[in-house]
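The hints should help you fit chain P onto chain Z, whose structure is shown.
Residue numbers (our numbering), protein chains in the order written: chain Z, 44 to 155; chain P, 38 to 149.
Just so you know, the hints here were simulated from the structure itself, not pulled from any lab data.
Do not take every clue at face value.
[Claimed, not checked] Dumping the calculated DSS-like pairs for lysine-lysine here, alpha-carbon to alpha-carbon at most 27 Å: (1) K80/P x K155/Z; (2) K112/P x K93/Z; (3) K67/Z x K80/P; (4) K42/P x K112/P; (5) K42/P x K117/Z; (6) K78/Z x K93/Z; (7) K122/Z x K80/P; (8) K42/P x K93/Z; (9) K80/P x K101/P; (10) K151/Z x K80/P; (11) K93/Z x K80/P; (12) K93/Z x K67/Z; (13) K78/Z x K117/Z; (14) K155/Z x K78/Z.
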Amino acid sequence: DVVMTQTPPSLSVAIGQSVSISCKSSQSLVYSDGKTYLHWLLQSPGRSPKRLIYQVSNLGSGVPDRFSGTGSQKDFTLKISRVEAEDLGVYYCAQTTHFPFTFGSGTKLEIK
Amino acid sequence: QVQLKESGPGLVQPSQTLSLTCTVSGFSLTSYNVHWVRQPPGKGLEWMGVIWSGGNTDYNSALKPRLSISRDTSKSQVFLTMNSLQTEDTGIYYCNRGFAYWGQGTLVTVSS
Numbered sequence: 044d045v046v047m048t049q050t051p052p053s054l055s056v057a058i059g060q061s062v063s064i065s066c067k068s069s070q071s072l073v074y075s076d077g078k079t080y081l082h083w084l085l086q087s088p089g090r091s092p093k094r095l096i097y098q099v100s101n102l103g104s105g106v107p108d109r110f111s112g113t114g115s116q117k118d119f120t121l122k123i124s125r126v127e128a129e130d131l132g133v134y135y136c137a138q139t140t141h142f143p144f145t146f147g148s149g150t151k152l153e154i155k
Numbered sequence: 038q039v040q041l042k043e044s045g046p047g048l049v050q051p052s053q054t055l056s057l058t059c060t061v062s063g064f065s066l067t068s069y070n071v072h073w074v075r076q077p078p079g080k081g082l083e084w085m086g087v088i089w090s091g092g093n094t095d096y097n098s099a100l101k102p103r104l105s106i107s108r109d110t111s112k113s114q115v116f117l118t119m120n121s122l123q124t125e126d127t128g129i130y131y132c133n134r135g136f137a138y139w140g141q142g143t144l145v146t147v148s149s
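For reference, chain Z alone in the conformation it holds in the complex:
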């Protein structure tokens, strides 16, 4: 199985600051069609996961452009610019290139 390693496991930031979360995979996530199926999700407290970013850098529907994703092959980053209170929760990266699809262990974002 592809292991997704997220860092840091938690972080505490003040409103308005910017943060980055790293996600590294044990295998390249480039599929045979040339696309990279690496996604970012946010699970707010008590809520279902919500997709933020798909295929590395594409913003999900209704997601503010404060969120951005970069990376390639095995190394990916989610950046949140100008953090807002509503951004708190657990962020997961997920890969849907290789079976079984797998998730990172999560990064918990707290607001100072």
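Structure of chain P alone, referenced to chain Z:
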């Protein structure tokens, strides 16, 4: 709009079979794939399996011997069946459309 809603028994006895239903609206099951993902209490996300728009299925190899996913397109419903349940199968079970749209989840507790 796109909606998914999980339903099920809530409480299942050890060694028994779990049956969950995901009822969808706003899209056709013949056009989009539906995944099942679960989350043990206080832990991360685990991908269980998918039924593709064409009706084929893929499963997490760790669960494959116990798991079955099927659908009734006329009723817009996707079904999850998993046998030989143990306490470690306790958690919230989510269905989602392509990781983009998620249901609210249903809590399954395995206990005698």
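Now the hints, each set against the structure:
1. K80/P x K155/Z: With a Cα-Cα distance of about 23 Å, the restraint between K80/P and K155/Z holds, given a limit of 27 Å.
2. K112/P x K93/Z: With a Cα-Cα distance of about 26 Å, the restraint between K112/P and K93/Z holds, given a limit of 27 Å.
3. K67/Z x K80/P: holds, 20 Å
4. K42/P x K112/P: Since the Cα atoms of K42/P and K112/P sit roughly 13 Å apart, the hinted pair holds (cutoff 27 Å).
5. K42/P x K117/Z: Status violated; Cα separation ~34 Å.
6. K78/Z x K93/Z: holds, 21 Å
7. K122/Z x K80/P: Roughly 23 Å between the alpha carbons, so the hint for K122/Z and K80/P holds.
8. K42/P x K93/Z: holds, 15 Å
9. K80/P x K101/P: Given that 27 Å is the threshold and the Cα spacing comes to 21 Å, the pair holds.
10. K151/Z x K80/P: holds, 12 Å
11. K93/Z x K80/P: Within the cut-off at roughly 17 Å; holds.
12. K93/Z x K67/Z: Judged against 27 Å, a Cα distance of about 20 Å means the pair holds.
13. K78/Z x K117/Z: holds, 13 Å
14. K155/Z x K78/Z: violated, 37 Å
Hints 5, 14 from the earlier list are contradicted by this structure; the remaining hints agree with it.
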